[in-house]
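Listed here are the chains, written in short residue letters.
2 protein chains.
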Amino acid sequence: MKTTEDFNMVNAYIPGRATLEPGTEAMIGRRNALLGPAYRLMYEHPLHIVRGEGAWLIDPQGRRYLDAYNNVTSLGHCHPTVTEAICRQVRTLATNTRYLHDSILELAERLLASVPGTDLAHLMLTCTGSEANDLAYRIAQVRTGGTGVIVTDTAYHGITDAVSKFSPSLGASVDLGAHVRMVPAPRQYHAGGADLSERFTRDVEAAIADLKRHGIRPAALIVDSVFTSDGILPNAPGFLKGAVEAMQRAGGVFIADEVQPGFGRTGEHLWGFQRHGVRPDIVTMGKPMGNGQPIAGLLATADVLAEFGRNSRYFNTFAGNTVSCAAALAVLDAIEQERLVANAAAVGRVLYDGIAALARRHEAIGDVRGVGLFVGVELVSDRHARTPNRALTSLVVNKMREKGVLLSACATGHNVLKIRPPLVLSAQQAAMVIAALDESLSEAR
Amino acid sequence: MKTTEDFNMVNAYIPGRATLEPGTEAMIGRRNALLGPAYRLMYEHPLHIVRGEGAWLIDPQGRRYLDAYNNVTSLGHCHPTVTEAICRQVRTLATNTRYLHDSILELAERLLASVPGTDLAHLMLTCTGSEANDLAYRIAQVRTGGTGVIVTDTAYHGITDAVSKFSPSLGASVDLGAHVRMVPAPRQYHAGGADLSERFTRDVEAAIADLKRHGIRPAALIVDSVFTSDGILPNAPGFLKGAVEAMQRAGGVFIADEVQPGFGRTGEHLWGFQRHGVRPDIVTMGKPMGNGQPIAGLLATADVLAEFGRNSRYFNTFAGNTVSCAAALAVLDAIEQERLVANAAAVGRVLYDGIAALARRHEAIGDVRGVGLFVGVELVSDRHARTPNRALTSLVVNKMREKGVLLSACATGHNVLKIRPPLVLSAQQAAMVIAALDESLSEAR
Chain A
-6 MKTTEDFNMV NAYIPGRATL EPGTEAMIGR RNALLGPAYR LMYEHPLHIV RGEGAWLIDP
54 QGRRYLDAYN NVTSLGHCHP TVTEAICRQV RTLATNTRYL HDSILELAER LLASVPGTDL
114 AHLMLTCTGS EANDLAYRIA QVRTGGTGVI VTDTAYHGIT DAVSKFSPSL GASVDLGAHV
174 RMVPAPRQYH AGGADLSERF TRDVEAAIAD LKRHGIRPAA LIVDSVFTSD GILPNAPGFL
234 KGAVEAMQRA GGVFIADEVQ PGFGRTGEHL WGFQRHGVRP DIVTMGKPMG NGQPIAGLLA
294 TADVLAEFGR NSRYFNTFAG NTVSCAAALA VLDAIEQERL VANAAAVGRV LYDGIAALAR
354 RHEAIGDVRG VGLFVGVELV SDRHARTPNR ALTSLVVNKM REKGVLLSAC ATGHNVLKIR
414 PPLVLSAQQA AMVIAALDES LSEAR
Chain B
-6 MKTTEDFNMV NAYIPGRATL EPGTEAMIGR RNALLGPAYR LMYEHPLHIV RGEGAWLIDP
54 QGRRYLDAYN NVTSLGHCHP TVTEAICRQV RTLATNTRYL HDSILELAER LLASVPGTDL
114 AHLMLTCTGS EANDLAYRIA QVRTGGTGVI VTDTAYHGIT DAVSKFSPSL GASVDLGAHV
174 RMVPAPRQYH AGGADLSERF TRDVEAAIAD LKRHGIRPAA LIVDSVFTSD GILPNAPGFL
234 KGAVEAMQRA GGVFIADEVQ PGFGRTGEHL WGFQRHGVRP DIVTMGKPMG NGQPIAGLLA
294 TADVLAEFGR NSRYFNTFAG NTVSCAAALA VLDAIEQERL VANAAAVGRV LYDGIAALAR
354 RHEAIGDVRG VGLFVGVELV SDRHARTPNR ALTSLVVNKM REKGVLLSAC ATGHNVLKIR
414 PPLVLSAQQA AMVIAALDES LSEAR
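From first to last, the protein sequence lines stand for chains A and B. Residue numbers for the first sequence follow this note's numbering, beginning at -6 and rising by one. Residue numbers for the second sequence follow this note's numbering, beginning at -6 and rising by one.
Just so you know, these hints were derived from the structure itself, not from any lab. A virtual CB, placed ideally from N, CA and C, is assigned to each residue, including glycine. Hints may contain errors.
[Stated by the list, open to error] Facing chain A, according to a computed beta carbon distance under 8 Å, are these residues of chain B, among others:
| # | residue |
| --- | --- |
| 1 | Ile79 |
| 2 | Ser166 |
| 3 | Leu169 |
If we strip away everything but chain A, and leave its shape as in the complex, we get (with noise of 0.2 Å):
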């Protein structure tokens, strides 16, 4: 039998370990033949999905799950004021950046204005948020005439054969580049009080010098963040400072990675590098940000870009079409019309302070960590030595999928519960996720 080693992947599911209803296990068995060995599903009863609502997933039976994992439908499934504009523009045209056409420049205009404070200049557009780190690492290759890249020990930012290079959650299987160099991302719950911000700083200043030892010249530091597949990790505004300008120094690039972060998650600004105050070169981004529609891109400076756009010409076919244009409109204005950020910042803080609060009833709760409606909750099975418990995890993403509500896990150890709403969430649907994950904690004692 497979092990949960083989599917390298959190909350995958793994066949022959719980018994299925027959119509779902014909189904995933038709699936394996079709689509072969590298898909994944999740959970260990997997779910078949045919209706979304707001923050719900509808099965065929018509049984409502409380989607709190999804983070593309950030303002809830089937949003109108998106689905209605992809409508109208499907039906007058869809077509590509060959052509002028004013969505584009209204949709360029528009995120260049919520990026005050930099340099970013230009929006170059993709199909998908590994496209856009693709393109931000070509750009910054160019840029600087070096390859070398530096991430955090269990980054994730997508899986051409470039970004899988510098992707090491990917799982030790799929290789990291030669080219490529790890630091410790921060884990302030592990750091026994340590200054993280000083630490990370260094920890990036001696991958510098090991590539430069090497002679690979640095070309970017890439950071989402919030370190979402790291574990959720915050950390205090300001404290990617001082490594995002070690590498710049170095003459490297700074490449944020907004694809988990962006679009207002955080509840504070629409992008999650501005807690930090920090100047990118390049911010990618991509999942919410037609709400479903695949639409990504890079917001760039125009220093950054000079030589690049010199060399190469830039086409990606669907990329920049005039119907993704027009959901990515529609979810920027979703967002300010409903106040989401606000919501993000309001419904989050009632997300965070009731499994806070969970914490003084559940032993196996290490850690509690969130901004806006991203939180991370780190199980342990001993809270004095913080020993992750991976299983623990596993046992509570799948009570709490059993219970209705749809979340999944996260980290190296893979003991961090990853709820990651839609922006829309209500404090009502906040409190049931909290009393699930309370109930799914004690029946799992």
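Go by the hints and put chain B onto chain A.
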């Protein structure tokens, strides 16, 4: 002033070359400021397009242009079968492959049923053709333990970091990888009657030997069977067989890049490789797959995918989402219901014959070649010497745009008209293309 070379793209708009209307000029200025230096527009007078309908693109003044170039909207712009499938699905559910859903399975079954006589067994989905070729290359590397890639000398396979390294048509300022070898594209018109199939096989064998001589294990031969960016070179059926088998004998995989010829364009089968009787290890697809919706992917044999699936999980957030699958299923429906492969053959024949007839009156037409609704017209300044006439080609492309027919150019010499209308083109519309070409060539004399 910048030159055409600075823009390293056939038919790129070059600022300052022509006097534009103030409105267009201002829009281009705004676009350059917002999107930066890597984006390109087409035509001497770029087009502002606001609406699409069947084979037509429409500007803000209501002027209609016959689109004989866009190979994404193969069913015509805003085809109702597709737009209604998108609207229905986007209002119901737009989520990912970590849940079970029927539509991706149905899509896999239908695509796998379209490749009888091969060992292709699995479908994997991406959002763009670049991602599909990037994933194919990742799979080929894991399968072979090698990195070596062989492509034709003006090939285009995409724009990720890895794929741009084997896309020589991006221009001399985008470096090819040290692990990449180019073979001459099979230009029958310039071959002096030689058997190009044999020569192509020998060239691929020599490239394999050269890779090995440099200690580089061959991973893949990747070929667009219509050699689109090489100048549209359909060649004789069976032509590719020797080269493909040479690569497979050497332990490498054959990737049929069907992003351009796929989905019926050749008017013979659904896929271009099928005319050559070869057995690809991987088939990549994209552009027309969703008639504008960003969806692409690959079919692979179980054998080639086995080790990749063991080592790597594969998740592409937007790829295989329910909306993109609905669009792709609608595309397959429309191709069948409207018998578009047969239409591509019939109208392609009208188009080809009409242009071949023009060659009797226009000395500049050196060669006409085509398969289905994909026609290349090579323009020369000297029929005997077959000298490429790039300036005339550019003039004709722009004259046709002024007359309301959109096409572009390709090939190393930038002297091949690239005519690639939607598969729904009518014989009457084909006649319009021919008449406009006749007039443009007469005026350009």
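These are the hints, each one checked on the structure:
Hint status for Ile79/B relative to chain A: holds, with the closest Cβ pair at about 5 Å, below 8 Å. Hint on Ser166/B holds. Least Cβ distance to chain A is approximately 4 Å, under the 8 Å limit. The interface hint given for Leu169/B is broken, as the beta carbon of that residue sits about 13 Å from the closest beta carbon of chain A, more than 8 Å.
Of the numbered hints listed earlier, the single one contradicted by the structure is hint 3.
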